[in-house]
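Student: Residue strings, one per chain:
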Amino acid sequence: QSVLTQPPSASGTPGHRVTISCSGSASNIGTNTVDWYQQFPGMAPQVVIHSNNERPSGVPDRFSGSKAGTSASLAISGLQAEDEADYYCAAWDDSLSGWVFGGGTHLIVL
Amino acid sequence: VQLVQSGAEVKRPGASVRVSCKASGYTFTDYYIHWVRQAPGQGPEWIGRISPKSGDTKSGQKFQGRVTLTSDTSISTVYMDLSRLNSADTAVYYCARPHVDYTSYYFDSWGHGTLVTVSS
Chain A
13 QSVLTQPPSA
23 SGTPGHRVTI
33 SCSGSASNIG
43 TNTVDWYQQF
53 PGMAPQVVIH
63 SNNERPSGVP
73 DRFSGSKAGT
83 SASLAISGLQ
93 AEDEADYYCA
103 AWDDSLSGWV
113 FGGGTHLIVL
Chain B
67 VQLVQSGAEV
77 KRPGASVRVS
87 CKASGYTFTD
97 YYIHWVRQAP
107 GQGPEWIGRI
117 SPKSGDTKSG
127 QKFQGRVTLT
137 SDTSISTVYM
147 DLSRLNSADT
157 AVYYCARPHV
167 DYTSYYFDSW
177 GHGTLVTVSS
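Residue numbers (our numbering), protein chains in the order written: chain A, 13 to 122; chain B, 67 to 186.
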């Protein structure tokens, strides 16, 4: 079981907005920043949000992140077919002294 | 930045496996290299990291005593050795280099992944 908890799936229609949640604890999300990774089948994960709400260059501004307490969220607005992928949250865990990830959310664009 | 990993492996239970990760496009000793694995249908799992400059390593609690991380600066390559394999170790193993600045630390360069299959 993953340390961070995500819903296994999410869906939305093109043009609409979808959010993906990530729940942790005081030792990870409650204390440290959260990153979000996008992964397509057979490919390595790629960061879309880092440090809770920062977008690396090249990532569309349709992607945004937020954090409150021991939970974080990834929002994708203006949903596009190309956004269909798996999304994972990640954070450093002070108690485990290691990086922890969520189990992933499969986003379906209807 | 490019991280090129070794090819797929098939191992028997109880055996050991070595996965390599050759770095290029940056100064090899300036960044840690992390190892992350992903079992089929599961989320990623952090294994550990190595400083190519000092050789200092840190591994996740689950892997302590079973994983060895080493580096060879002469060929800009890091290695992950995992021993006493069992079926639960079947996964794709990635090496990853972090982006580091004053306010952020995240994995921004990844290898293509190495599938390790443990089966009798």
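Calculated from the structure, these hints are not laboratory results.
On a predicted model such as this, the values are computed, not experimentally measured, just so you know.
Glycine included, each C-beta is placed from N, C-alpha and C at the ideal position.
Be careful, since some hints might not be right.
Here are some chain A residues pointing at chain B (derived, C-beta under 7 angstroms) [claimed, not checked]:
no., residue
1, 14
2, 42
3, 47
4, 50
5, 52
6, 56
7, 72
8, 75
9, 107
10, 110
11, 113
12, 116
13, 119
Student: Are there hints from earlier that the structure breaks, and if so, what are their numbers?
Tutor: 2, 4, 5, 7, 8, 9 and 13
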